[in-house]
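Trainee: From first to last, the protein sequence lines are chains A and B. Here our numbering is used: the first residue of the first sequence is 1, the next is one more, and so on. Here our numbering is used: the first residue of the second sequence is 1, the next is one more, and so on.
These are calculated hints, taken from the structure and not from any lab test. Where hints are given, some of them may not hold.
[As the list claims (entries may be wrong)] A partial selection of chain B residues facing chain A, derived with a Cβ cut-off under 8 Å:
hint, residue
1, F118
2, F120
3, L138
4, G176
5, E178
6, G182
7, Q186
8, K203
9, N211
10, K212
11, S311
12, I314
13, F335
14, S337
Quick caveat: nothing in here was measured; it's all calculated off a predicted structure. For glycine and all other residues, C-beta sits at the position ideal for the given N, C-alpha and C.
Number of protein chains: 2
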Amino acid sequence: MLTYSFENKGSDSLYEYLYKQIKKDILSYTISAGEKLPSKRTLAKNLNISTITVENAYAQLMAEGYIYSVPKSGFYVSDISSKKTPQKTEPSKNDILDTHTTTYFADFVNNSTQSNNFPFSTWTKIMREIMSDMSEKLMVRSPSSGVPELRQAISNYLYQFRGINVEPEQIIVGAGTEYLYGLIIQLLGQDKTYAIEDPGYQKISKIYDANKVKSVHIGMDESGIDIKTLESSGADILHISPSHHFPTGIVTPISRRYEILSWASKSPDRYIIEDDYDSEFRLLGKPIPSLQSIDVLDKVIYMNTFSKSLSSTIRISYMVLPKPLIAKYNRELSFYSCTVSNFEQYTLARFIEAGHLEKHINRMRNYYRGQRDAILEAIKSQPDFSLTTIKEENSGLHFLLEVNTKLPDETLISKAKGNGINISCLSQYYYQKDRTKEHTIIINYSGLDKIHIEEAIKRLYKSLW
Amino acid sequence: MLTYSFENKGSDSLYEYLYKQIKKDILSYTISAGEKLPSKRTLAKNLNISTITVENAYAQLMAEGYIYSVPKSGFYVSDISSKKTPQKTEPSKNDILDTHTTTYFADFVNNSTQSNNFPFSTWTKIMREIMSDMSEKLMVRSPSSGVPELRQAISNYLYQFRGINVEPEQIIVGAGTEYLYGLIIQLLGQDKTYAIEDPGYQKISKIYDANKVKSVHIGMDESGIDIKTLESSGADILHISPSHHFPTGIVTPISRRYEILSWASKSPDRYIIEDDYDSEFRLLGKPIPSLQSIDVLDKVIYMNTFSKSLSSTIRISYMVLPKPLIAKYNRELSFYSCTVSNFEQYTLARFIEAGHLEKHINRMRNYYRGQRDAILEAIKSQPDFSLTTIKEENSGLHFLLEVNTKLPDETLISKAKGNGINISCLSQYYYQKDRTKEHTIIINYSGLDKIHIEEAIKRLYKSLW
Numbered sequence: 001m002l003t004y005s006f007e008n009k010g011s012d013s014l015y016e017y018l019y020k021q022i023k024k025d026i027l028s029y030t031i032s033a034g035e036k037l038p039s040k041r042t043l044a045k046n047l048n049i050s051t052i053t054v055e056n057a058y059a060q061l062m063a064e065g066y067i068y069s070v071p072k073s074g075f076y077v078s079d080i081s082s083k084k085t086p087q088k089t090e091p092s093k094n095d096i097l098d099t100h101t102t103t104y105f106a107d108f109v110n111n112s113t114q115s116n117n118f119p120f121s122t123w124t125k126i127m128r129e130i131m132s133d134m135s136e137k138l139m140v141r142s143p144s145s146g147v148p149e150l151r152q153a154i155s156n157y158l159y160q161f162r163g164i165n166v167e168p169e170q171i172i173v174g175a176g177t178e179y180l181y182g183l184i185i186q187l188l189g190q191d192k193t194y195a196i197e198d199p200g201y202q203k204i205s206k207i208y209d210a211n212k213v214k215s216v217h218i219g220m221d222e223s224g225i226d227i228k229t230l231e232s233s234g235a236d237i238l239h240i241s242p243s244h245h246f247p248t249g250i251v252t253p254i255s256r257r258y259e260i261l262s263w264a265s266k267s268p269d270r271y272i273i274e275d276d277y278d279s280e281f282r283l284l285g286k287p288i289p290s291l292q293s294i295d296v297l298d299k300v301i302y303m304n305t306f307s308k309s310l311s312s313t314i315r316i317s318y319m320v321l322p323k324p325l326i327a328k329y330n331r332e333l334s335f336y337s338c339t340v341s342n343f344e345q346y347t348l349a350r351f352i353e354a355g356h357l358e359k360h361i362n363r364m365r366n367y368y369r370g371q372r373d374a375i376l377e378a379i380k381s382q383p384d385f386s387l388t389t390i391k392e393e394n395s396g397l398h399f400l401l402e403v404n405t406k407l408p409d410e411t412l413i414s415k416a417k418g419n420g421i422n423i424s425c426l427s428q429y430y431y432q433k434d435r436t437k438e439h440t441i442i443i444n445y446s447g448l449d450k451i452h453i454e455e456a457i458k459r460l461y462k463s464l465w
Numbered sequence: 001m002l003t004y005s006f007e008n009k010g011s012d013s014l015y016e017y018l019y020k021q022i023k024k025d026i027l028s029y030t031i032s033a034g035e036k037l038p039s040k041r042t043l044a045k046n047l048n049i050s051t052i053t054v055e056n057a058y059a060q061l062m063a064e065g066y067i068y069s070v071p072k073s074g075f076y077v078s079d080i081s082s083k084k085t086p087q088k089t090e091p092s093k094n095d096i097l098d099t100h101t102t103t104y105f106a107d108f109v110n111n112s113t114q115s116n117n118f119p120f121s122t123w124t125k126i127m128r129e130i131m132s133d134m135s136e137k138l139m140v141r142s143p144s145s146g147v148p149e150l151r152q153a154i155s156n157y158l159y160q161f162r163g164i165n166v167e168p169e170q171i172i173v174g175a176g177t178e179y180l181y182g183l184i185i186q187l188l189g190q191d192k193t194y195a196i197e198d199p200g201y202q203k204i205s206k207i208y209d210a211n212k213v214k215s216v217h218i219g220m221d222e223s224g225i226d227i228k229t230l231e232s233s234g235a236d237i238l239h240i241s242p243s244h245h246f247p248t249g250i251v252t253p254i255s256r257r258y259e260i261l262s263w264a265s266k267s268p269d270r271y272i273i274e275d276d277y278d279s280e281f282r283l284l285g286k287p288i289p290s291l292q293s294i295d296v297l298d299k300v301i302y303m304n305t306f307s308k309s310l311s312s313t314i315r316i317s318y319m320v321l322p323k324p325l326i327a328k329y330n331r332e333l334s335f336y337s338c339t340v341s342n343f344e345q346y347t348l349a350r351f352i353e354a355g356h357l358e359k360h361i362n363r364m365r366n367y368y369r370g371q372r373d374a375i376l377e378a379i380k381s382q383p384d385f386s387l388t389t390i391k392e393e394n395s396g397l398h399f400l401l402e403v404n405t406k407l408p409d410e411t412l413i414s415k416a417k418g419n420g421i422n423i424s425c426l427s428q429y430y431y432q433k434d435r436t437k438e439h440t441i442i443i444n445y446s447g448l449d450k451i452h453i454e455e456a457i458k459r460l461y462k463s464l465w
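Using the sequences plus the hints, can you model the full thing?
Mentor: Okay, here's the thing in structure tokens:
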């Protein structure tokens with residue numbers, strides 16, 4: 001059994017000291033690779049400290065790759081010798097980022113959902129059922145736009161939970177919204193100008209760039225996209241997320257929505273891509289009707305994803321095309337095979353039809369509300385809370401924290417990093433850099449582990465001045 | 001029990017007559033919707049005809065939607081009244097094609113593999129194992145290029161069975177080759193000119209068109225792509241399938257392969273996309289080394305798919321990028337999420353590592369050899385065989401049938417259609433239309449049901465003069 005004395009812990013917190021001691025023992029091979037660590041409870045009892053302290057120390061060791069967990073068994077020491085062996089090919093920086101091996105104590109930039117919230121047993125139960133029941137259908141090639149069962153399930157779901165009334169035939173299923181953006185570009189034209197929000201989700205801009213289509217960045221006011229700038233930009237296609245803008249959190253009010261539809265009505269080439277990526281997780285108040293549901297001129301392409309509501313490892317998204325565009329899609333692009341496998345299409349269809357999606361979203365909404373409340377509480381209990389302001393905390397899975405500080409954003413970010421906290425600032429999401437936008441931190445809380453919240457916020461506040 | 005007298009069958013074959021009688025009874029509601037038909041064996045015994053005759057009649061009724069089969073139960077009469085009810089939204093023509101509801105007795109155009117050959121129980125067994133064993137990993141986001149386990153498995157497989165030696169890090173996994181073509185265009189540039197084979201697989205041309213990139217069609221001689229035309233075309237990227245060209249069946253010899261590599265070496269912008277889609281199914285002789293394996297200048301992008309070797313409903317393909325391009329991919333495009341779900345990536349990785357892919361391919365190679373032999377035998381037994389010539393029957397899953405006839409190809413196709421047979425002609429795959437290419441029919445045999453072969457070839461030969 002590991003035994004440590006806390007006499008020499010100095011200014012370290014109990015958990016920091018414990019983490020350092022175990023790490024030292026792993027690095028010196030005092031505890032060897034593959035060795036099982038005592039359970040959190042046992043170690044806590046033995047050292048006469050709280051289980052939470054051990055939990056935090058283990059979490060930090062795990063985040064840094066020194067130990068790993070085996071479900072229903074416990075924690076084991078990693079083979080750290082392999083860490084020093086150079087790899088044949090250096091993995092790219094992006095690969096590293098992708099696999100989330102970067103070692104932060106808490107990551108407020110990562111917006112992927114927590115894997116342990118995924119209804120894994122229900123999902124796999126249905127997948128097993130599908131494999132037994134539908135062996136014939138599973139082997140029949142899916143139509144380009146997705147299997148009818150899934151499109152029907154999505155259509156029913158949209159009608160019941162988003163008030164969106166569309167025919168299943170208008171729905172195109174694809175392996176992620178990023179793939180669907182590519183299809184939209186092929187559908188609407190590479191020669192069109194695409195307007196995106198400034199600030200905005202950087203990936204959207206990257207996708208237009210990678211496809212070498214012209215994009216313009218349109219500034220926003222407190223109601224959303226600025227119509228005058230939009231009018232004068234020469235844009236044909238407007239790509240927005242009016243139900244919850246990232247990163248500002250703005251919810252576009254109905255009056256501005258009509259202005260946007262009016263802009264679209266002025267030319268036959270104009271279309272709106274309504275990206276409704278996290279509308280399910282609105283935490284307070286009545287949702288505002290989607291642009292799609294008040295569009296009578298067939299101008300809105302509505303899109304959403306199950307990667308946000310279920311798991312980022314489930315690659316299923318969809319878009320709803322207005323009828324003239326679905327005709328064009330069928331004519332010009334339906335030669336493409338559907339990118340989602342039948343196994344997952346049928347599983348998702350049954351998952352939705354049996355009411356599991358609704359149940360899961362309700363459960364997650366409660367979970368995120370608890371998550372948000374815990375973070376807000378932790379923030380409010382900080383001694384320096386009065387120097388910060390919380391904004392836009394009622395919608396979606398992130399909010400903003402305005403900080404009254406003299407430090408430039410780069411310094412905030414690097415100080416936070418030094419404390420094991422990954423943050424991003426609103427200013428980073430502006431295409432037009434503007435120092436007046438500084439000092440606002442984006443708090444993505446969907447991927448954060450609850451047990452880390454208090455410590456994470458404490459470390460964050462340590463980094464702000 | 002259905003009882004029919006065959007006295008008035010006239011010139012119809014037994015099976016045709018039986019099919020017509022049952023169809024008439026269904027249309028007149030003498031047999032009603034949902035009613036179970038006698039088993040093939042019982043009906044055959046009762047009518048004193050062979051089981052094959054009943055089988056053919058049922059197959060035709062099923063193809064036309066009059067009856068349907070329930071696994072382990074039998075054949076049932078469809079609700080034909082619903083056939084007359086108009087649908088809310090007319091499904092598009094392409095949707096119909098996609099779902100393969102077109103009613104042919106035999107389809108020599110469709111090149112999708114037969115679903116009952118898919119190792120369904122092994123695949124689902126592994127998928128179940130993966131769901132139990134890897135619940136944690138399944139919830140960790142895949143790197144953009146695919147999970148390491150699958151890339152490692154593909155790398156091992158390529159080394160053992162294709163003599164291709166690549167690092168797992170060079171492999172990019174995606175949901176179908178069509179998706180990967182789109183990535184290649186983004187990687188190499190929309191401003192480049194892409195050379196494709198003429199004749200060629202039409203979808204490739206469609207994808208370049210949909211992405212609005214310039215493509216040029218390069219003629220072929222008996223060794224493959226014509227180098228002089230290629231040199232003068234101004235093309236930067238050459239997209240070819242040298243191991244087995246569709247539809248001509250040409251296998252590019254090693255001398256021409258070196259000429260192609262030499263062409264690529266002459267400019268830093270030049271690259272070759274080597275599409276090796278059905279190389280696994282070479283039926284005779286030693287395979288010629290892939291372009292990738294003799295390329296020392298990092299000019300070849302090798303791609304292949306599991307949709308061909310496993311099932312068209314499994315949407316997993318991959319490409320191997322030369323190292324400088326993989327660096328570019330990681331820099332510029334790895335922000336894209338991987339389009340294949342973790343469930344299927346891990347399942348395929350284990351399927352390959354456990355040797356099931358190899359076993360399956362060997363089994364299928366035997367199956368297709370049997371299939372091809374049965375078709376060749378049926379062809380050779382036709383009274384008019386001497387007016388036709390079989391070509392390129394030793395590689396891949398199709399061959400050519402040259403016909404000595406005066407009928408133009410359009411007439412051949414429509415006559416065959418009248419006989420329930422879907423065919424395509426070599427001339428249709430030429431970008432530059434040329435009447436001298438007429439009278440060659442493409443026989444895709446991968447999707448054909450063995451019990452239909454004899455009848456299908458008989459009907460085909462009825463349509464040729």
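Trainee: Please flag the earlier hints that this structure goes against, numbers listed from lowest up.
Mentor: none
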